Amino acid sequence: MRNPFKEFGCLSVEKKELPLERIVRAREEVMGQMIHGYLKLVEEEVKDLVWLVEHSRVVKAYSAAVKSIRDLQYDVDDIEEFCGELDSSNKIPYMISGPAGIYVSALINHAKEDRIVLRLRDYQRTFHFLGYRLPEGKTLILQGDVGDFVGAGLSGGRLVVEGSVGNWCGAGMMKGEIQITENSGQNTGEWMRGGEIHVEGRIRSVGKTLFGGRIFQRGKLVMPQDLELDI
Amino acid sequence: MRMASQSNGALREAVHEIHDYIQENLYLNRPDMTVNGKKYNSALLLCLISGLRKGKTLIIGEPGLGKTTSAEYVCSLLYRFPLGTIWGSEVAGHPEQTEEKIIGRPDLGKLNLGEEVVVWSHFAMLPVKIVDEINRLPETKQSMILDGVDRGNWEYLNDAIINKEYCLFATANYQDRGTNTIIAPLVDRFDLMVESKHPGANLAYLIGMRGAGGAVLRHEELEAEFHRVLSQRTSYEARMEAVESLCDRFGEILKNEANITTLSRAQREIIRAEMDNIPFDLDANAFLRMVLCELSFCHRFGQKRSNETCEEGCHFTGYTCNGIRNCISNRFPISARNMAQGLAWFVGDKEVGIEHLKAILPYTLAHRIQWKDEVIAQHEKEPRSDPLPIYMAKQCVKVMHRRYMEQGGQIKNALAVACRVAEGESLEPIKGDHPIFWEIRKDLGEEVLEQ
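The listed protein sequences correspond, in order, to chains U and S. Residue numbers for the first sequence follow my numbering, so the first one is 37 and each next one is one higher. Residue numbers for the second sequence follow my numbering, so the first one is 15 and each next one is one higher.
The reader is advised that the hints may include incorrect statements.
As the list claims (entries may be wrong) - Here's a subset of chain U near chain S, in silico, CB distances under 10 Å, partners left out: (1) N39; (2) E43; (3) L47; (4) P55; (5) Y110; (6) R161; (7) V196; (8) G199.
These are computed hints drawn from the structure, not numbers from a lab. In this text the structure is predicted, and so the values were computed from the model without any measurement. The beta-carbon is built from N, C-alpha and C at its ideal position, and this holds for glycine as well.
Same shape as in the complex, but just chain S:
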C-alpha cells in the first residue's frame, strides 16, 4: 500500500526531515497520537499537514507552551521564510486591533495627491498567516477577517488581493478575563483544532537549559530584503514573485548552512496534487458519510438546528445527534477529506482508510461540535489527557467507529443498492436502524418524516 514513485518518496522524505528537525530541535513535546503504529505529537504533525494543505489551524493551550512558536517554525520551514519576516507579518489579537493594521491602509502620500492606493499589510500578502491570541480580538473585529481567512480574499477601500497560496494558524488561550468567544462562523472556518500541550517536566527542563531555539531560522539580511520587497509599490503579483525568489535563497541558505531541506512553491504544489489524488477507500467513504449523518440527522425536524431541541423519547436517542445542539457544516467534510489525504500522503499510504480518518476526525470536529450541557456534565470530570472539546470529540469518534464496525457491511451494501436504485434499477432500498439508512432513503426520494 506504499507509494512507489521515487519522486513522491523524495518529497515525502523532505517533509519527514522537516518534521523530525522541528521535533528534535525546535518544538520539544511528547507524542500523543499514533498513526500506522508510529507515534507523533499531534500539534506538530497536524500543523505540518495543515501547512502543506493550505489549511487553517486553531492552536489552543496555556500561555507559553509553544502555540505560536510551533506555528512559526512550521511556516518558516515549509514556506522558506525567515522567522523575522514571519514575526513582522503576525497579527496580534487585542481589543484595539484595527482593519488598517490587519489588512491594509491608504497610502497617505498618494492620498494627498488624490490617488487611492492601498498599502497592504504583510499579513494580508504573505502565504503564511499567524494570528496570535485570536480570542482577544473582540467579536466585532473577528468578523473583519472572516472572508480573508476563508478564501484568502482581502479587501480594503476599492482594492483587493487574493492569496493563491496561504495557510493560517491562530492561537487561543483558555478563557480568562481578557478573552472573548470566537464567533461560530470563524470557528467553523478552521480545519483543525489542536492543543499545544505542556511537554512534561523533563522536556521542559531541557527547553529551559537550551534557551529559545530557532536561531538557525533567523537571517537578518534576508529579513530586511523581504521587508524591502514587500514594501515596494509594485503590483501584488510582482512582489510575490520577488518574495518567492527570496524564499528560494533562504531555502538554499538553510540547506547549505544547517543542512535542513525545505520546500519550494513548485514542490508544495506537487505535494498538494499528490495529496488531492489519494482516493478514499470504500470503508473510509462510508464511515465519513456515517459520521456526517450522525452530526446532522434529526428524524423529527429533518435536520439538526441549533434553535431546536430533541424530543423526549426519540428513537435515535443513542446516536450522536441526540447529544449535540448544532448541525455540522459543509466545511467539515472538506476539512476531513483534505487533512485525511494529507495524513495518508505523509505516512505513505496510497488510499485514505478508516485509520487515517479516525486519527484526523477528532481534531476536525472538536471545535465544530456544540455539545448539550448535560453531555458535557457527563464527561467533564472523566480522566483524560486532552482538553475537554478534543477529548469529547475523540470519544465521539470512537463510539461512531464502533458502530461502523458493527454495521459497516450493511451500510456499504445499502449504499451499493442505493447506487443501483439511483441509476434506475428496481430494488428495495435497504432498511436499518442507523440514521444513514434513513438518509439514503431520503436521497432516493422517499418521504421518511416522522409520522
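In isolation and in its complexed conformation, chain U is listed as follows:
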C-alpha cells in the first residue's frame, strides 16, 4: 500500500517526553517490582492461601521480603502507594494480611528516609505486622487504626500509632519505643525483651510472659509491676 505519510519523511522524529511522563513511568516501574516481589513472597510462603503466625515463618517471610527488595530504588511515596494497591487494586489478586504487613515493614526498614508517615485511615483493610523489626534511627508514624503484631520484634526504632492497635502489639520487641494514642488489644508486649510501650487509652491485656521492657498506660507503668514497687 502507498505510504500516505511520505511527505513527513523529511521531518526528524522528536522523542518529546513530558517530565511528568518520565516520573510516572519510573513510579510505575517501581510499583510493578514491588507488586511482583509481594506476589512472589505470597507464592513462596503462603500455602493454600493460609498463613499461620509462627516465629520461624515470620522470620523466613521477612528474610524473603528483604531479599526481593534488595535492589529496589524507592521512597516513602512508593510505600504509601503500595499500601494503596494492597488495599484496593485489582493488580494484587489476593492480600494476605500477615505477609503483606511483613513486606511493607521490610520496605520501611530499608527505605532511605528515617521518618516515615503512613496514612492508613482511608484504607478498608487492616494491616498487621507493621513496624516489624523497625531498626534504630527510624521513626514510623502510622495514622489510623492498625491490626495485630504491630511493632513485633521492634529493634530500636520509634513507632507511633495515631489510633488503636490490635493484639500482640510489640510482641518480642528488643528495644525502641512504641507510642499508641488510643487503645491496644490483648497480649500487649508479649515476650518483649526490651524497650517501652506507651498506651494513652485502654490496654485490653498485657502479655503473660515478658522478658524485659516496660509498658505504660497513660504515663503510668503497668508492667513490670514489681519494678514500680521497687521504685
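With chain U's structure known, arrange chain S on it following the hints.
Frame of chain U; chain S shown alone:
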C-alpha cells in the same frame, strides 16, 4: 517567499488588473476577507480564483445583489467572452427547464432525413457556464446536469462532448416558495460557496447613480460572430478553435479600447500549471489532514455516516465530528487543495500555508457540512456578518485551527513517526487524544475500534 519568475509575475499582474478593474468599475462591494494582510471581497476574489482553477462556485444571496453579474464579469474578462455571448449561454433555473434547452436537442432538419445529429446548447459548449437560480430547478432536473457539472461531460442521444476547459457558476436565492433544495450530490460538486453581499448604503447609492455597468464588455458585432460560429454544423473541436480566435480578438479589443488586460487560453494554462506546482508546506498538509479527520471520524462506527447518530457520552464529544451529521466527501480535499493553491498563487506565495487554508476552508466547507439541529440552534442567533452556513464554517475552522496550534507539533511528529513505521521501521506510533492520532494508527494497521 515571493515567486521570483518575471513571467509568473506578469501573469499574476494581469490577474490582479482584472480583479482591480472589476472591483473598481463593475462589482462594487465591501472587502470581507483578509489574506496576507490585504483585504478582498470574498465573492469577487473567490470567483476569480475559481474561474482560473476551472472550479465550480455556488453564489448565494438576496435577489439583485450581483450574484449573476459578478460571475458574468469574471467569466467575460478571464475567458475573453463578450457579455452578450455569456448571456446567450446561461441556463435559467425554472421548473419548466428541459434537457433540450440545457444540453442539446436533435437537429430536426437532419432528423427528417434520418440522421441523428445533436445541436449542442451554447451552455454545454462554452468553457464559461452560468446557471442562474439553480435552486429553482426541480430536484429531478438537477440530476440532469450532475455529470456535466462534475466532469464537463455532456451527453445527448448517442452523442457526447467533453469540455477540456470549463468553469461553472451557479447562483441561488435564499429559500422562498419558488425554490427547491439543491440535491446533496450536486451541492457537493461545488468547490466553493460564497455570498454576494449587499455593498452597503453608500456603495449601493453609487451603483444607483452609475447605472448598470459592463457596457465595455459588450460587443454586438463579435457577439453575432460568436453566435454564428457556435451555430455551425462543424465538429465541436473545430468550433471551439474558431471560438478561441474570436476570444483573442475580443481580448485585443478590450486591450486597445479600454486598456483592460485579459488572458488567452495558453496563459490560463500556464497559470494553472504554476498553481498546480505550488506545494503545501508541512503545517498546511497536517492541518488539512486534521480537518479531514474531524469531519469524517467516528470512533464507534468507524466513520461518520448520515444515517447514524453519535453515542451519548462519546469520548470525542468536543470535536467537530460530534456536531455534524454527514461525512465529508473526497471532493472536499480536492477543492481545498485547488483553491488554496490558487489563492497562494494570487498573493504571490510559493507555498500553500495555513493562512491560505484558513481563508479558503470556510467557503469549501459551508455547503458541505450538515450540522446537527442542536448545533444550528446554538449558533443561529449569534451576531455575525455572514449567512449562517458560512458563519458556522468559519467558526468551525477557527476552532480546528486553535486545536492545531495546540497540537500541531505533536501531530506532525506523529505523521513523521507513521512515515517511518510505514517504511518498515520498528517504532511505536504516537498516541494522542485528537482523532488524527487514531486515524494514523488505523492506517498503520492497528485495530482501534471502540471496545
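Going through the hints against the structure:
For U:N39, the shortest C-beta to C-beta distance to chain S is roughly 4 Å, which falls under 10 Å, so the interface hint holds. Checking U:E43 against chain S: minimum C-beta separation of about 6 Å stays under 10 Å; hint holds. Interface restraint check for U:L47: the shortest CB-CB distance to chain S comes to about 4 Å, inside 10 Å, so the restraint holds. Because the beta carbon of U:P55 sits about 16 Å from the nearest beta carbon in chain S, more than 10 Å, this interface hint is broken.
Interface hint status for U:Y110: violated, as the beta-carbon distance to the closest one in chain S is roughly 27 Å, over 10 Å. Because the closest C-beta pair between U:R161 and chain S is about 31 Å apart, greater than 10 Å, the hint is violated. Interface hint at U:V196: violated, since its Cβ lies 45 Å from the closest Cβ of chain S, which is beyond the 10 Å cut-off. For U:G199, the suggested interface contact is broken, since its CB lies about 41 Å from the closest CB of chain S, more than 10 Å.
The earlier numbered hints that this structure contradicts are 4, 5, 6, 7, 8.
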